[in-house]
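Asker: Listed below, chain by chain, are the residues.
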Amino acid sequence: MAAPPIQQETVPWLLENGSYKVLTKEARQGHGHSHHGRTAHNMSSSSLRKKSDLTLVSKVQCGLLRSFLTNLQEVILGTKLSILFPAIPLAIAANYCNFGRPWIFALSLLALMPLAERVSFLTEQIAYFTGPTVGGLLNATCGNATELIIAIFALCQNKIDVVKFSLLGSILSNLLLVLGTSLFCGGLGTLGKQQKYDRRQADVNMLLLFLGLLCQLLPLLFRVAGGYTTVTTVAALQLSRASSIVMLVAYVVYIVFQLWTHRQLFEADEEAGEGQEEETPVIGFWSGFVWLVGMTIVIALLSEYVVATIEDASNSWGLSVSFISIILLPIVGNAAEHAGAIIFAFKDKLDISLGVALGSSCQISMFVIPVCVIVAWIAGIDMDLNFNTVETGCLAVAIITTAFTLQDGTSNYLKGLILLLCYVVIGACFFVTTTPLNQGNPMKGSVVNLGTSGSLAA
Amino acid sequence: MTSGAGDREVSIVVVAPETEIRTQEDTGGSWNTVVSNGKGATKSPPDCTGFQKGTAFWKNLQLVVLGTKLAVLFPAIPLAIVADFYSFGKPWIFGFSLLGLAPLAERVSFLTEQIACFTGPTVGGLLNATCGNATELIIAMFALRQRKIHVLKYSLFGSILSNLLLVLGSSLLCGGLANIKKEQRYDRKQADVNSLLLLLGLLCNLLPLLLKHVMGKGPATAYSTLQLSRVSSIFMLLAYAGYIIFQLKTHRHFFESQQEDGESEEGEEEGAVIGFWSAFIWLVGMTVFIALLSEYVVGTIECASDTWGISVGFISIILLPIVGNAAEHAGSIIFAFKNKLDISLGVSLGSATQISMFVVPFCVLVAWIMHVNMDLDFSLLETGCLAFTIVITAFTLQDGTSHYLKGAVLVLCYVIIAACFFVYKVPQDELDSYPGIKPFTGVFAS
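Residue numbers (our numbering), protein chains in the order written: chain V, 19 to 476; chain A, -19 to 426.
I should point out that these hints are in silico values taken from the structure, not numbers from a laboratory.
Keep in mind that this is a model prediction, so the values were computed, not measured.
Beta carbons are placed, not taken as given, at the ideal position from N, Cα and C, and that holds for glycine.
Don't take each hint at face value.
[What the hints assert, rightly or not] Label pairs and their in silico Cβ distance ranges:
1) A:Glu163 with V:Val443: 45 to 55 Å
2) A:Phe37 with V:Val249: 57 to 67 Å
3) A:Leu46 with V:Trp395: 45 to 55 Å
4) V:Trp395 with A:Glu163: 53 to 63 Å
5) A:Thr230 with V:Gln425: 46 to 56 Å
6) A:Lys33 with V:Val267: 56 to 66 Å
7) A:His233 with V:Val443: 23 to 33 Å
8) V:Gln425 with A:Gly222: 53 to 63 Å
9) A:Leu179 with V:Asn116: 37 to 47 Å
10) V:Val249 with A:Leu190: 42 to 52 Å
11) A:Val62 with V:Val249: 37 to 47 Å
12) A:Glu163 with V:Leu209: 31 to 41 Å
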């Protein structure tokens, strides 16, 4: 893909091994110097970062205090989303003072957005110290930390359908919403030119998504064809667990492919331009690590609130749990990446947008979902890969549509618009679905009753 | 077989893989390599005295029987026959017959190739197109005769699945790993043509299924579905005929493998190594053996399934095709290692197309003649897997390049589908329509 030589704020970047590498002058002559392991993920959310204004802090006399305050400023105030940070104490206060559960839910949701972004920033900082491969691996695992944590909490509270819905919604949101808006805005932003991207990266991701779809399709067909009896439930569970192991194997091969043997597929051409972003980390390794642990704990706390209060919020707002899990939760969890992907599409750097959206959905489909199944297995909870008929149907259509859209290597705003409208229609479908409030005893053979959606009326 | 006669290449593309597992036979001595100029004239060995005839016969035997690395499995044939006469136990008969089928299938394709040397390219191509899946065809005929329609459907479905996912996937995987530094390319036009025909076959399978779903159970439904299936089969055969004409006559160049400059096939003889009549007799003989072993296989499949604790579905869908395709499979992988992906693709896709568009409708029509009610409704799970397989294969092959991840994903898809059929228990209403089979008493007998 030949990137047009735009001279404005281009940064010489190299999307290497799925990791973003900012090139200084020496590094541009020969690769192999400072690899940062900044992935497309981090890259896109970095567009929401602010350059820290250190003038205020530098007035503090005490050196130790100054460095601590610098650190604090970098981490807490380093993003435009930091205005949402006050939601964290508000959510905790709401929980203890019993403001009303819908409030706890809303405040926790709002608070999760900046936290998710900060976690990716910290992961990127740590990746500076650990080298590109480990950095890439770190990002591959922590890239969807929020979704993973929400899913595990929901599992612990035995809300299997919330897990399934939120993960499914995450994939749908990445494939249709993030990708659609990026293509749409990118297409509008570059109306005179044709936008190109390297389809090989997209192909690899779509192939893995297809494999994930098969793993979800088979237990569903199995149950429909074999009848809803105890025997088929047990068999579907065994099949799901075996499939999860296979999915993890595939994910490992994908990581090896992306970070090691076929790195060049994931690299974009270098652009001539000035380097502007810092190449060095702004905080130390241990400080980054400590912040990361801290932020993860806060995310865990907020996720617990979210999962616990989701039904009450659903009741008082009149929306179904499925709608909240499939549509609202992922939009919140992905907000930072979403904004970043759109900004990069505007700058005609579609490869990054695609890397974000597709990589994220691939990661959820082939890593987070099987991990959840295996964690459930260890915890003795029966979670299978049977996402019911309507959801699996939506997922299948989404994957096929996206695969078809991305197959020719060019983009225009209409493609983005269509994907976006697909998402709107799917959202409408779940909006009108009414869910009965029983979360379902998993052993009874059907994990979710979708009531009027008729998903079990096969 | 080099590209001496340009019109010979078609049969090479389809038949070639098995040559990789043939041993290099020493044909020196009084028997010279027979050179064929494509018109059927051969040089026969001079001065056939009695002794030389004996030697010639011995050479012939050696070429045919020992000419493959799979020959080590030949003793399974007499063992299977002995097991049948002495009633060793049906699972043993089943096992031995399966093992015996593998080398026989390979030899049949070798003999077909030899005969094609004499008959010219078109007839040779046609011969290969029909006999390429002789084993599957014969097993299908026997299953039909013993009224085991479910075994028939499962084995054909499994054959398509195994070709599209296992053979293709392992070829792409091994080829990608072996050629990790190079970019592997292939001509996607051939893949496109095959994908298109497979989609047509899928439609013909899908419609009876949907019809049954919508119209509900009952004799009227069964009748409509049967009629639809029979008519569809006729059209599928027409489509296959069109494909043959396309492949052998009008668009031959799509299917010719890309020969690289200056590279000749490694030491392969250009002509047939045995005479026409000798090949013909061997072919008939081998087919008789295949028929015998297939009869054993189909007859003993339920007992084997009971004894081994695996469902009939799993054996028919997974085990039978792996055995039947073993030779092509090995050859396909070897060609992928050598970065000749066009040949590997030609083998796997061509075989899948052949089964889907020729063997399946042919069975339906034969069943019609025999007054057996076979329709094209492979049930929900199988049709779903088939649809998914065709879509993912079409998607994988559509850009003309390959790497090991593509192969790995296809192989993993096959593993998952195999796992699914391993735990699948045929539902009761399907069993009722197939008298004589029992649900498996495997792991999930609760």
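Asker: Evaluate each hint against the coordinates.
Answerer: Results for each hint:
| no. | hint | result |
| --- | --- | --- |
| 1 | A:Glu163 with V:Val443: 45 to 55 Å | 39 Å, violated |
| 2 | A:Phe37 with V:Val249: 57 to 67 Å | 59 Å, holds |
| 3 | A:Leu46 with V:Trp395: 45 to 55 Å | 51 Å, holds |
| 4 | V:Trp395 with A:Glu163: 53 to 63 Å | 40 Å, violated |
| 5 | A:Thr230 with V:Gln425: 46 to 56 Å | 28 Å, violated |
| 6 | A:Lys33 with V:Val267: 56 to 66 Å | 58 Å, holds |
| 7 | A:His233 with V:Val443: 23 to 33 Å | 45 Å, violated |
| 8 | V:Gln425 with A:Gly222: 53 to 63 Å | 27 Å, violated |
| 9 | A:Leu179 with V:Asn116: 37 to 47 Å | 60 Å, violated |
| 10 | V:Val249 with A:Leu190: 42 to 52 Å | 27 Å, violated |
| 11 | A:Val62 with V:Val249: 37 to 47 Å | 40 Å, holds |
| 12 | A:Glu163 with V:Leu209: 31 to 41 Å | 34 Å, holds |
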